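Participant: Can you make the complete structure from the sequences, with help from the hints?
Chains E and W are the protein sequences, given in the same order.
Per the numbering used here, residue 350 is the first one in the first sequence, and the count goes up by one each step.
Per the numbering used here, residue 350 is the first one in the second sequence, and the count goes up by one each step.
I should point out that these hints are in silico values taken from the structure, not numbers from a laboratory.
Here the structure is a predicted model, which is why all the values come from computation and not from measurement.
Please note: incorrect hints may appear among the correct ones.
Copies of one chain are not kept apart here, so a pair can be met inside one copy or by any two copies together.
[Said to hold, decoys possible] In silico lysine to aspartate or glutamate, DMTMM-like type, Cα no more than 20 Å apart, as pairs:
#1 K494 - D643
#2 K569 - D498
#3 K494 - E576
#4 K494 - E589
#5 K569 - D354
Protein chains: 2
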Amino acid sequence: MGEFDLIERFFKRPAFRADVGIGDDCAVWSPRSGHQLAFSADMLVEGRHFLPTVNPRHLGHKSLAVNLSDLAACGATPQAFLLSLSLPRADEAWLDGFSQGLFQLSELHGCELIGGDTTQGPLNIAITIMGDTPRGQSILRSGAKAGDDLYVSGHLGDACLALEAFRGKVSLPQAVFDSARLRMECPTPRVALGQALRGIANAMADISDGLLGDLGHILKASQVGAEIDVSAVTPLMLTETLWSCPHDLALDCVLSGGDDYELVFCASPFACAQVQHAANYSGTPVTRIGRITDSQRLVLLGFDGLPMTKSFHSFDHFS
Amino acid sequence: MGEFDLIERFFKRPAFRADVGIGDDCAVWSPRSGHQLAFSADMLVEGRHFLPTVNPRHLGHKSLAVNLSDLAACGATPQAFLLSLSLPRADEAWLDGFSQGLFQLSELHGCELIGGDTTQGPLNIAITIMGDTPRGQSILRSGAKAGDDLYVSGHLGDACLALEAFRGKVSLPQAVFDSARLRMECPTPRVALGQALRGIANAMADISDGLLGDLGHILKASQVGAEIDVSAVTPLMLTETLWSCPHDLALDCVLSGGDDYELVFCASPFACAQVQHAANYSGTPVTRIGRITDSQRLVLLGFDGLPMTKSFHSFDHFS
Numbered sequence: 350m351g352e353f354d355l356i357e358r359f360f361k362r363p364a365f366r367a368d369v370g371i372g373d374d375c376a377v378w379s380p381r382s383g384h385q386l387a388f389s390a391d392m393l394v395e396g397r398h399f400l401p402t403v404n405p406r407h408l409g410h411k412s413l414a415v416n417l418s419d420l421a422a423c424g425a426t427p428q429a430f431l432l433s434l435s436l437p438r439a440d441e442a443w444l445d446g447f448s449q450g451l452f453q454l455s456e457l458h459g460c461e462l463i464g465g466d467t468t469q470g471p472l473n474i475a476i477t478i479m480g481d482t483p484r485g486q487s488i489l490r491s492g493a494k495a496g497d498d499l500y501v502s503g504h505l506g507d508a509c510l511a512l513e514a515f516r517g518k519v520s521l522p523q524a525v526f527d528s529a530r531l532r533m534e535c536p537t538p539r540v541a542l543g544q545a546l547r548g549i550a551n552a553m554a555d556i557s558d559g560l561l562g563d564l565g566h567i568l569k570a571s572q573v574g575a576e577i578d579v580s581a582v583t584p585l586m587l588t589e590t591l592w593s594c595p596h597d598l599a600l601d602c603v604l605s606g607g608d609d610y611e612l613v614f615c616a617s618p619f620a621c622a623q624v625q626h627a628a629n630y631s632g633t634p635v636t637r638i639g640r641i642t643d644s645q646r647l648v649l650l651g652f653d654g655l656p657m658t659k660s661f662h663s664f665d666h667f668s
Numbered sequence: 350m351g352e353f354d355l356i357e358r359f360f361k362r363p364a365f366r367a368d369v370g371i372g373d374d375c376a377v378w379s380p381r382s383g384h385q386l387a388f389s390a391d392m393l394v395e396g397r398h399f400l401p402t403v404n405p406r407h408l409g410h411k412s413l414a415v416n417l418s419d420l421a422a423c424g425a426t427p428q429a430f431l432l433s434l435s436l437p438r439a440d441e442a443w444l445d446g447f448s449q450g451l452f453q454l455s456e457l458h459g460c461e462l463i464g465g466d467t468t469q470g471p472l473n474i475a476i477t478i479m480g481d482t483p484r485g486q487s488i489l490r491s492g493a494k495a496g497d498d499l500y501v502s503g504h505l506g507d508a509c510l511a512l513e514a515f516r517g518k519v520s521l522p523q524a525v526f527d528s529a530r531l532r533m534e535c536p537t538p539r540v541a542l543g544q545a546l547r548g549i550a551n552a553m554a555d556i557s558d559g560l561l562g563d564l565g566h567i568l569k570a571s572q573v574g575a576e577i578d579v580s581a582v583t584p585l586m587l588t589e590t591l592w593s594c595p596h597d598l599a600l601d602c603v604l605s606g607g608d609d610y611e612l613v614f615c616a617s618p619f620a621c622a623q624v625q626h627a628a629n630y631s632g633t634p635v636t637r638i639g640r641i642t643d644s645q646r647l648v649l650l651g652f653d654g655l656p657m658t659k660s661f662h663s664f665d666h667f668s
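Facilitator: Here's what the structure looks like:
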């Protein structure tokens, strides 16, 4: 199977929104008037972002999910993406599973594959995604204000726990491992919640490298601090995984574990009903975990309400 | 040096056209009204697209040049790009050279780095580029008409000859090797010519996999054929490399050699003065090499004007 056959067979679909889709030197796209575009890119490398044993269907899903999550974090509506794929060989079963996982998620979000590249080399999946928002409505990291309530969506820490189990650092009952592994391999990008929070959230980021690290980006960009109530974040793991996890490890996973692809955001306390409405509207649970302060520091308040001294790390590819 | 320091030090520049550049979950961009967007993506893998010995400055240049070349092939004006980079380690000297080569070319074309990703892994450079054209003025592969004249820009075959020399298949005088190698490692994307051909060229593609292969894409998309005059294409190599190259190899390099990043395009014979004007305006030589036919076949006419029977191949990553 040659390069062009491979594209034709597994990746070419009729253009639906694009003026010109796959098959020319460039894709051609007419942006919606009155809208700004949001762009993000994520690269997934075998052994770094996923295990060689991963189900290719899950990998196709995750490759797009992590990019959709960046759009969600800006409140953008997904539109289109480009996929650059380096493959050791043209393995039809792998390509079949991968493309199915990819397209299932892309169709769910109306996000069209409009171009990309295919080459031979170590397995590497690079996606660039484009979404849009009505002009001026992108949610940035830089808008947090002292006094804002701090929230996270969904569940935190399960993906990290699955990785710890893979590494043999913790032993989990099979059913618990399976549900945690699904959180790691098939994250749910919070696209509908992100859009529903336009005009409500003052700042937002997605949690890819751990809550503390990604919240840290908001604090730095907004030049503010935050207090997190540990009593509010500990229960954020899936119930069954939380019960199977030692308390210290649970806190590590929730606060510093990567790969959750939930949203962390802040909003005025006066907007709490609107936040709840956005959560209901998008069918995504949202939990208030603390507040933004003017201290320029990130403080964890323990079960006793006092600041904790334990240090946590977020993920960095080169440290 | 951590991931964020690396980005800050080597890749973050103040946004000039972007509403939000590097440093948030997404870049935010306001498209120009009345314009369509053109997108392309190219992935470069060590050992496949470049040799481990390549000068990192040249590699930075080439990584962007191959993407600019795709925009040129559509007649688009470069606007912005995203860079996803997988690196075995954070090598400061390499990053310094790579980023200098990249930014020198991006500044020349006013094409802004607005986002991307950085991770650890086998060396892989994935760029997605965005340009724009006034609405309806993109030049596609599908517009060739029987009777059109067929043209190529600049020089062909030198990059391929350099690769053959690297492989030890041909021996070249040092000065000749150096100039051919520069064509391979630092191709010149024909951006100004591409834009100047809007409204003139009926179809266009860039030559990355070889003239015959890339022209073949135009013929297939336009459902036409072509005749190429071998006497017109043979002189297209740089003069000094042509003299150092056996005749058969020269023809192979010119017709099937990849990595030239010139443009192949066709235009009505009535537009030949306009084509020449576009060439002069953009400072890019253009050579008429044949014509589009209604035969649906690609025929090479030898020095005697008769069809040749020798077969040529273009590059395919998986065959």
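Participant: Decide, hint by hint, whether the structure agrees.
Facilitator: Status of the hints after comparison with the structure:
Proximity of K494 to D643 under the C-alpha cut-off of 20 Å is restricted to the intra-copy arrangement: shortest distance 8 Å within a copy versus 67 Å between copies. Taking the closest pair of Cα atoms, K569 and D498 come within 20 Å of each other only inside a single copy of the chain (17 Å); across copies the shortest separation is 58 Å, beyond that limit. For a Cα distance limit of 20 Å, the shortest separation of K494 from E576 inside one copy, 13 Å, qualifies, whereas the shortest one across copies, 67 Å, does not. For the homomeric pair K494 and E589, neither the shortest alpha-carbon distance inside one copy (35 Å) nor that between copies (65 Å) is at most 20 Å.
When the C-alpha separation of K569 and D354 is checked against a cutoff of 20 Å, the pair qualifies only between copies, where the shortest distance is 14 Å, while the shortest distance within a copy is 47 Å.
Checked against the numbered hints given earlier, this structure breaks only hint 4.
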